[in-house]
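S.K.: The chain contents come next:
There are 2 protein chains.
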Amino acid sequence: MGLAENMVKKITIIVLGIVIWFLPHPPEISIDAWHLFAVFITTIFGVILGAFSILVASVLGMVIAVLTGTIDPKTAFSGFSNDIVLLIVVAFLIAKAVVRSGLGKRIALLMIKRFGKTTLGLGYSLIATDMIIAPAFPSNTARSGLLFPIIYSISIVNGSNPEKGTEKKLGSFLMFTSMFGIGLSSAMWLTAMAANPAGAEIAESYGVHIGFGTWILASSIPTIIAAIIAPWVLYKIYPPQIKDTPNAPLHAQKELEKMGRMSRDEIITAIIFVLLVVFWALSDTLNINKTIIAFLGLGLLLATNVFKVKEIKKEGEALTTMIWFAILYIMSSQLNELHFMDYVGNLMAVQIEFLPKQVAFVLLVFVYIVLHYLFVSQTAHMMALLGVFLGAAITLGINPTPLALMLLFATNYFSVITPQGSSCNILYISSGYITPKEVYKYGGILTFLSFIIYMIFGLPWISIVL
Amino acid sequence: MGLAENMVKKITIIVLGIVIWFLPHPPEISIDAWHLFAVFITTIFGVILGAFSILVASVLGMVIAVLTGTIDPKTAFSGFSNDIVLLIVVAFLIAKAVVRSGLGKRIALLMIKRFGKTTLGLGYSLIATDMIIAPAFPSNTARSGLLFPIIYSISIVNGSNPEKGTEKKLGSFLMFTSMFGIGLSSAMWLTAMAANPAGAEIAESYGVHIGFGTWILASSIPTIIAAIIAPWVLYKIYPPQIKDTPNAPLHAQKELEKMGRMSRDEIITAIIFVLLVVFWALSDTLNINKTIIAFLGLGLLLATNVFKVKEIKKEGEALTTMIWFAILYIMSSQLNELHFMDYVGNLMAVQIEFLPKQVAFVLLVFVYIVLHYLFVSQTAHMMALLGVFLGAAITLGINPTPLALMLLFATNYFSVITPQGSSCNILYISSGYITPKEVYKYGGILTFLSFIIYMIFGLPWISIVL
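Which chain is which? The protein sequence lines are W and U, in order.
Per this note's numbering, the very first residue in the first sequence carries number 1; after that it's consecutive.
Per this note's numbering, the very first residue in the second sequence carries number 1; after that it's consecutive.
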């Protein structure tokens, strides 16, 4: 990209921001809410247009928001102590330890031995694994912490490493597949994501009852279809350079033999990893904070010298990720706190009043998805908008049950619409295999593809089974 | 160190922690306060004994405190969004940018050209620079952000680099000298540290009036003596490998000629750096948060491509520093919140009731200093204990004016008693030139040396001039 072109982009973004800032704001929301919206949307456009990296855009966005008094410094910094943000940072470090111990390589080789004939096959096997463990694993972020080190190891074993510029060989595709897969596995089960039961409760207050059985019955067909079609589409539009690896299983077998028995470091890592998985899965039942479990894992890996302090000192990537994610997280939360999201939701609900019911239905789901561009948390999005949209639908005489299900499924699969759209994306992106800009593009495509699949296959299916 | 020896140390520390945990706690404080004290003191002993690195000890300490319900996760994580913690992280990154741009090298060469004949001379010149700018610079942490990149560059230029194992050549000594120097420059002026005016106000409520003039009059002689003696003592006990460099000034002159005119990156960095210094110095007057100023500097360095995102990705050191400092900061704050510090202060005050006044005076100052082992913030220490100690002294009939001054000066120079004793230490330590364990040793020596100097030279001087 030429210097001049980049300068034009930067100036465009800055002018855009200033224009939005000074536009007359709707009387229903405060001037601070409007200004924060101006900063936030400019930050996001800056990344989409490629004028700034996500780190630079976020830092400058926060500085402007604070210096103009739109948000106070304490609030602006509060994202850094958010436990989801810290969970991601620590999970990232744990993933590195899993790889360094050799355990990651071993699990990767075992998976390649079993599923490694084609890259697409590996992608499907990752989604399948995720789907199977998901109902017992109510934190999608923790699940990303579990899957990520395995995919990272598969990539490294196959010679696909962003540090060497070979990320596109195979890693980028697998990372993106699994990142999107987490959205699908979360849509599949009521208990696969923390926000799902909360969403079911909101629906209950609108007279829609969704239990574990209803959910899986309704989600099964469209989710399985999406899980089959979407990776294949991604494979076409975001192809791995290595596609067929007929000899990979045999090679993996040989490598496994070469590795021999598990080393001390591998055994310790395996024990700690199993401990983490068990505690994460039980964390809601036992009421233990997920982030402190991650810190426990990190502490044990360090105390046993499996992961060395000097190795962490190389992991600046975790820091940059923490900075931009903490900032975007707080900007979006504040926008929500200032009732900006409610306002937009209500506005949409009013606009569709005069449309035919079917069109209104489709539009409600579509707009609900598009609004995720403004959110950095799936849960916050659902809490802010699900009720507003269901209420509007009931006023219009739309049957709330299929709509509630469609919105709840969307809450999960729209995770990849932006890099910050879900905390599960962050590990994958911070790995260097996927750029934020790619997420805007391919994540957007996958989200709208899923929207179509759930509408075409999900709606008739729901009307049959429920 | 042998594996067995390290294992013995680890077990000793764990047993110690368990014993303190189960000791009967004084009825005046809550069981949570006692348990937190047990965790905190064990963490610190773990580092002093060398059983764990400061990162591992802190992470495990936090995990235990949270899992036992001693502190809740939200509180435990809150240090990560503390603005002093973030200021250090960002200042660390800015320092790296100053070095990478070449500006650091240029300033370093200019200083070497002028003062570089001996390493001790360089050390004195750093303290002198600090002393001169201090009265206009009310944040000692921001001042460390200003001095650190210069010292870092001087060390690198002289071939002293922790990444190459050559930190002891010259860098370690200069870093330690300047780190301690900040304590002295802060003790020198009422306006050189944010806590000083607050301390003067507390003293006022005990009938002691300390203005800008009184302060500098009282502090001048003992502080100047300490600034002369302490670096020399450090030079003897923690010597740089390179001592005399008679040709360094000439060499620096030649290097400067080789560098030629300032590059684009240097000019931009210089402008941003001056901007930072001006804003930091004026931040209290203009009521701008110091951390957001630092973020502004970082954002501009990144946006102008002087500092590249891929360079930040190598700076994992900033992340490890952030983790341990955020944790220790919060543990100490919580101990204070839970009135543990008050309790200890009061206990001491009662114990000395029957001692002769002179002995009581010395003991009060000494105990005030020793208690800094428990604090991670000079301001918090002063806020918690200054009033308690002054009150006790007045009850005993001790003249509160010299005591107030001695305690206020100590609040500044005891900064190096532990690695976490002041936020100004953190940049120096995270650079890799100084280990936390060295701070416990040499920082302790410098603190008690200063105690003696201020007592022997400061007290008579104060009785003459005030």
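Honestly, the hints are just simulated from the structure, not real lab data.
Beta carbons: idealized from backbone N, C-alpha and C, even for Gly.
Incorrect hints may have been included.
Stated by the list, open to error - The calculated lysine-lysine pairs, modelled on DSS-like cross-linking and capped at a C-alpha distance of 25 Å, are:
id	chain 1	residue 1	chain 2	residue 2
1	W	K310	U	K168
2	U	K437	W	K314
3	W	K314	U	K308
Said to hold, decoys possible - Reference listing, derived: stretches of chain W covered by chain U, where coverage requires no fewer than 3 residues with Cβ under 8 Å from a Cβ of chain U:
id	segment
4	288-297
5	301-315
S.K.: Does the segment 288-297 of chain W contain three or more residues whose Cβ lies closer than 8 Å to a Cβ of chain U?
M.R.: holds (count 6)
S.K.: So is the segment 301-315 of chain W in contact with chain U by the C-beta rule, three or more residues under 8 Å, or is the coverage claim wrong?
M.R.: holds (count 7)
S.K.: Take the C-alpha atoms of K310/W and K168/U, compute the straight-line distance between them, and say whether it is at most 25 Å.
M.R.: holds, 18 Å
S.K.: Can you confirm whether the C-alpha distance between K437/U and K314/W stays at or below 25 Å?
M.R.: Status holds; Cα separation ~22 Å.
S.K.: Taking 25 Å as the top limit, are the C-alpha atoms of K314/W and K308/U close enough?
M.R.: Since the Cα atoms of K314/W and K308/U sit roughly 16 Å apart, the hinted pair holds (cutoff 25 Å).
Of the numbered hints given earlier, the model fails none.
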